[in-house]
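Protein chains: 2
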Amino acid sequence: MRKTYSIGLDFGTQSGRAVLLDLESGEIVAQAVHVYPHGVMDEALPDGTRLPPDWALEHPADYLAVLSETIPAVLKKAGADPSEVIGLSIDFTACTMLPVDAQGTPLCLKPEFEHVPNAWLKLWKHHAAQAQANRLNAVAEARGETFLSRYGGKISSEWMIPKIMQVLEESPEVYEAADRFMEAADWVTMQLTGRETRNSCTAGYKALWHKREGYPSPGFFRALDPRLEHVADEKLSRDIYPQGAKAGELTEEAARRTGLLPGTAVAVANVDAHVAIPAVGITEPGKVLMIMGTSTCHILLGREEKLVPGMCGVVEDGVLPGYFGYEAGQSCVGDHFEWCVKNCVPPAYFEEAESRGMDIHALLTEKASRLAPGESGLLALDWWNGNRSVLVDVDLTGMILGMTLQTKAEEIYRALIEATAFGTRIILENFEQSGIPVRQLYACGGIAKKNPLMMQIYADVTGKEIFIAKSDQAPALGSAMFGAVAAGKDRGGFDTIFEAAKAIGKVEARSYRPDAAAGAVYDRLYTEFKTLHNYFGRGGNDVMKRLKAMKAEARG
Amino acid sequence: MRKTYSIGLDFGTQSGRAVLLDLESGEIVAQAVHVYPHGVMDEALPDGTRLPPDWALEHPADYLAVLSETIPAVLKKAGADPSEVIGLSIDFTACTMLPVDAQGTPLCLKPEFEHVPNAWLKLWKHHAAQAQANRLNAVAEARGETFLSRYGGKISSEWMIPKIMQVLEESPEVYEAADRFMEAADWVTMQLTGRETRNSCTAGYKALWHKREGYPSPGFFRALDPRLEHVADEKLSRDIYPQGAKAGELTEEAARRTGLLPGTAVAVANVDAHVAIPAVGITEPGKVLMIMGTSTCHILLGREEKLVPGMCGVVEDGVLPGYFGYEAGQSCVGDHFEWCVKNCVPPAYFEEAESRGMDIHALLTEKASRLAPGESGLLALDWWNGNRSVLVDVDLTGMILGMTLQTKAEEIYRALIEATAFGTRIILENFEQSGIPVRQLYACGGIAKKNPLMMQIYADVTGKEIFIAKSDQAPALGSAMFGAVAAGKDRGGFDTIFEAAKAIGKVEARSYRPDAAAGAVYDRLYTEFKTLHNYFGRGGNDVMKRLKAMKAEARG
Chain A
-16 MRKTYSIGLD FGTQSGRAVL LDLESGEIVA QAVHVYPHGV MDEALPDGTR LPPDWALEHP
44 ADYLAVLSET IPAVLKKAGA DPSEVIGLSI DFTACTMLPV DAQGTPLCLK PEFEHVPNAW
104 LKLWKHHAAQ AQANRLNAVA EARGETFLSR YGGKISSEWM IPKIMQVLEE SPEVYEAADR
164 FMEAADWVTM QLTGRETRNS CTAGYKALWH KREGYPSPGF FRALDPRLEH VADEKLSRDI
224 YPQGAKAGEL TEEAARRTGL LPGTAVAVAN VDAHVAIPAV GITEPGKVLM IMGTSTCHIL
284 LGREEKLVPG MCGVVEDGVL PGYFGYEAGQ SCVGDHFEWC VKNCVPPAYF EEAESRGMDI
344 HALLTEKASR LAPGESGLLA LDWWNGNRSV LVDVDLTGMI LGMTLQTKAE EIYRALIEAT
404 AFGTRIILEN FEQSGIPVRQ LYACGGIAKK NPLMMQIYAD VTGKEIFIAK SDQAPALGSA
464 MFGAVAAGKD RGGFDTIFEA AKAIGKVEAR SYRPDAAAGA VYDRLYTEFK TLHNYFGRGG
524 NDVMKRLKAM KAEARG
Chain B
-16 MRKTYSIGLD FGTQSGRAVL LDLESGEIVA QAVHVYPHGV MDEALPDGTR LPPDWALEHP
44 ADYLAVLSET IPAVLKKAGA DPSEVIGLSI DFTACTMLPV DAQGTPLCLK PEFEHVPNAW
104 LKLWKHHAAQ AQANRLNAVA EARGETFLSR YGGKISSEWM IPKIMQVLEE SPEVYEAADR
164 FMEAADWVTM QLTGRETRNS CTAGYKALWH KREGYPSPGF FRALDPRLEH VADEKLSRDI
224 YPQGAKAGEL TEEAARRTGL LPGTAVAVAN VDAHVAIPAV GITEPGKVLM IMGTSTCHIL
284 LGREEKLVPG MCGVVEDGVL PGYFGYEAGQ SCVGDHFEWC VKNCVPPAYF EEAESRGMDI
344 HALLTEKASR LAPGESGLLA LDWWNGNRSV LVDVDLTGMI LGMTLQTKAE EIYRALIEAT
404 AFGTRIILEN FEQSGIPVRQ LYACGGIAKK NPLMMQIYAD VTGKEIFIAK SDQAPALGSA
464 MFGAVAAGKD RGGFDTIFEA AKAIGKVEAR SYRPDAAAGA VYDRLYTEFK TLHNYFGRGG
524 NDVMKRLKAM KAEARG
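Line by line, the protein sequences are chains A and B. Going by our numbering, 30 is the number at position 47 of the first sequence; the sequence numbering is gapless. Going by our numbering, 336 is the number at position 353 of the second sequence; the sequence numbering is gapless.
It is possible that some hints are incorrect.
Copies of the same chain look alike in the list, so a pair counts if it fits in one copy or across any two.
[As the list claims (entries may be wrong)] Quick list of in silico lysine-lysine cross-link-like pairs, BS3-like style, CA-CA up to 27 Å:
#1 Lys93 to Lys218
#2 Lys534 to Lys447
#3 Lys350 to Lys528
#4 Lys472 to Lys229
#5 Lys350 to Lys534
#6 Lys391 to Lys108
#7 Lys325 to Lys350
#8 Lys513 to Lys528
#9 Lys531 to Lys513
#10 Lys531 to Lys350
#11 Lys270 to Lys289
#12 Lys350 to Lys391
#13 Lys108 to Lys218
#14 Lys325 to Lys391
#15 Lys485 to Lys433
#16 Lys(-14) to Lys453
Simulated from the structure, these hints should not be mistaken for laboratory data.
All chains should be built: construct the whole structure from the sequences, respecting the hints.
Right, here's the structure in full:
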């Protein structure tokens, strides 16, 4: 019997993954992963040119290899015929950007630029444009630029404009030669369709674009650098497509590369966090999706644009068309537990884990789960990697208190889990205080699927029921759903992403419901957390920043 | 050639040690240790009777075994003749106390009481009299008892009166049968001389006795319990001897037990920390001795009695005759590093230490010593076991801040060292602000001898030169010196402890001098420490106490 499939491609930091979605069953029937041959280049270019600290580049050819490797692989695994694939779509890390020439060729692939670091593709976690970001923020603040308030008052060095500024200042010849700067997401989609269709998600969250107001004014850009005055028109694009739009159809060349048929529908690209919203079936406001991994990203829909202090951004059509998509984040979640395991767990625990054939995290979680709320006597602030949302301050650092000579590793481990839960509650209350109600939580990502203790603590701390994504590949699934929307109902897909979300988006049967007794204890701990959050984070005592400055001095 | 010796006996928590001091060379020429056969009894009496939590008892016969084992052993090792030993003296943990009958026999050794826990000898760290201490403090405060201010405002549950109260309340028949309650130090000395000679050190620091004012008033004791009204006269003694006084001479029986000659001079007993003062040659005010181990005890002489807020005690003649001896303490010093090593150091460090044949502390110290002051970016409060001096609060707990994902075990280790140094500086400044100048520091104990990094940090943080005891057995050496004073100059000893200190007391040739550049960085860190010390310790935010209360609730 003839089947109908859609393909989703999720481009991560180290690899790209394809999933084949069976549109009748709503199940992923095949997956394939391709690790980027060049990986993250943070020490040298392929030709050996050394890179300064904080750089992080990737090779655009690696992404094309993902297309040519994974798509044929999933077709083969499922025994699917290319004619049965009606659409595809991709999601990407962001802001991951590159300069291209008028033909869309990455400058770094041209012989005259292959030795120039600034001609290469800058990965989201390229952190060498901090000086530019600082200047951008100072100028914007001095000019009273209102766009700042859409981004919690601060623009990250990871975003598009600081990265362009770095290219201009350090390698003006690259800036000059660049016909435009593109998100990698849009560039890969352009490789599929042969035309440029920038998506509103990256434009809005990363490039300061606003559906009604456009980019910041030429006057603002001129204040940054006279050469940047017309950067929006000269190097970016004002032609932005809402999420859920069709980008085009597969070209002959892309069809050859992927093994799919020319004319297969392609949706505009997406960001790996935001794209997961329909994959858990969220189609309306009031439901926050937490994409939980080393860090956590919170996505929420709203019917109107509210300015929420300290969030990451609000973008119209940035998540689902017709809605304002709100984004917030915690810069350190799973990374806390990795840090703890790497630095603060004694040998006996590893020996016990090994002898019982357990993962060390599983052992610590098992031991931590035997503690009642409040029993450790510990309280931590989840700022090991700064604070991304509400305080928006990279110079904040971690804190833990309550230690006694009896304090054990699993108690610290649990205190770190609780700290991230308290941090989440701060973010949720911040939304609610800004007039954006939050009724339920949804979670996807490795932690959400694997750590019931943590999810129960989140439910108890926030007092909200938490639903877990059914798929362990929610972003790739979301992309496949957008691909089916690009194909449309007539070809076996969907007319809107809302229809797709209702048909395909799923959560696990088991949800986490708040326990009243635990919640009462956590309410008291949360009050303590908030007091310390404000004391250390809102100017009561800036000791963390002063210590960080002293550390920088000591390291010269 | 005929020699002249004195013997010092240091009774610790797990064992007793004898040293043989050659009075001509000033060197210890032999040592012997005897581990108490019964050890610390914290679970059951010798007959199997179970003990409740927080109890800690010892067996008086174990102390007598130390006398009969170690003294002959040091004589034998050195080839010394008993006639060459002119004096001896002991020092002890305190308050370590026991009830005795009119003949001085411990009640616990009498058949009718051997099954009664309260008839036994309570070790200093017996913590089951906290309820009694709380009541004592409440009553003393309500009555405005001035003695409280000599003890930093709070009487510890480890001290004499709360322990007596526990006996009275739980086992009135033991209280009734007790002719008196004695410090173990005085009881052992009585076993040597045949007469009771209570020392002013334990009477003053542990039993609330004052040279001019005596014990608290009968009215105060009556307010505690009518049966206690005359406890000082009925169960203690007002006949108190200054440190440096002669207690008596060895009885025939004691001579048989020890292998020494009858008539050998015996000094009044001492406490293991205070007795070390002459062993490092301190004979005047302005010099603080830090006895550093799991915890640190600070001893300082003064010419007058000043009330220093938050110190442990001030006692006239309590350290050296004619001076006021001040005591302060940090309840957790070496214990921090033990905690760190036991709970917060990953396997790779242990593997490296093993492969290099190093102690794990040595490895962490080596790695920590490569860091410059301020380089870790960390700051800790040294309250893993509460705060003994200045704040005097057992409910305070540890804190550390400044962690990032790059923070390593050796950085935490160093931050804990620095925290104890900052805690010391708070104590020193507290003395100075009370009009008691501190010019130099002296240190003895394992840490002082073995950890140059730590001692240098202490010098840098306090801005004071630190001299290290030459002997690694400063308390036992101090006792031997007091023994030689009891014998007197005519018999080859000394007429005063001051003469003995000048002749025998020694420090290492190498001292630790403050480094100005490091000191400047530490001044800034100390300012941060003090702010947090006051915020968490002086009511700015009592979160530590509230967390501790919640922990107790959670544990039921």
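Against the structure, the hints come out as follows:
no.: 1; hint: Lys93 to Lys218; in the structure: within (18 Å within a copy, 97 Å between copies)
no.: 2; hint: Lys534 to Lys447; in the structure: between (40 Å within a copy, 25 Å between copies)
no.: 3; hint: Lys350 to Lys528; in the structure: between (34 Å within a copy, 25 Å between copies)
no.: 4; hint: Lys472 to Lys229; in the structure: within (13 Å within a copy, 106 Å between copies)
no.: 5; hint: Lys350 to Lys534; in the structure: between (35 Å within a copy, 17 Å between copies)
no.: 6; hint: Lys391 to Lys108; in the structure: between (34 Å within a copy, 23 Å between copies)
no.: 7; hint: Lys325 to Lys350; in the structure: both (17 Å within a copy, 17 Å between copies)
no.: 8; hint: Lys513 to Lys528; in the structure: both (19 Å within a copy, 17 Å between copies)
no.: 9; hint: Lys531 to Lys513; in the structure: both (22 Å within a copy, 18 Å between copies)
no.: 10; hint: Lys531 to Lys350; in the structure: between (33 Å within a copy, 20 Å between copies)
no.: 11; hint: Lys270 to Lys289; in the structure: within (16 Å within a copy, 65 Å between copies)
no.: 12; hint: Lys350 to Lys391; in the structure: both (10 Å within a copy, 23 Å between copies)
no.: 13; hint: Lys108 to Lys218; in the structure: within (22 Å within a copy, 74 Å between copies)
no.: 14; hint: Lys325 to Lys391; in the structure: both (15 Å within a copy, 9 Å between copies)
no.: 15; hint: Lys485 to Lys433; in the structure: within (25 Å within a copy, 69 Å between copies)
no.: 16; hint: Lys(-14) to Lys453; in the structure: within (22 Å within a copy, 88 Å between copies)
The structure fails none of the hints (numbered hints given earlier).
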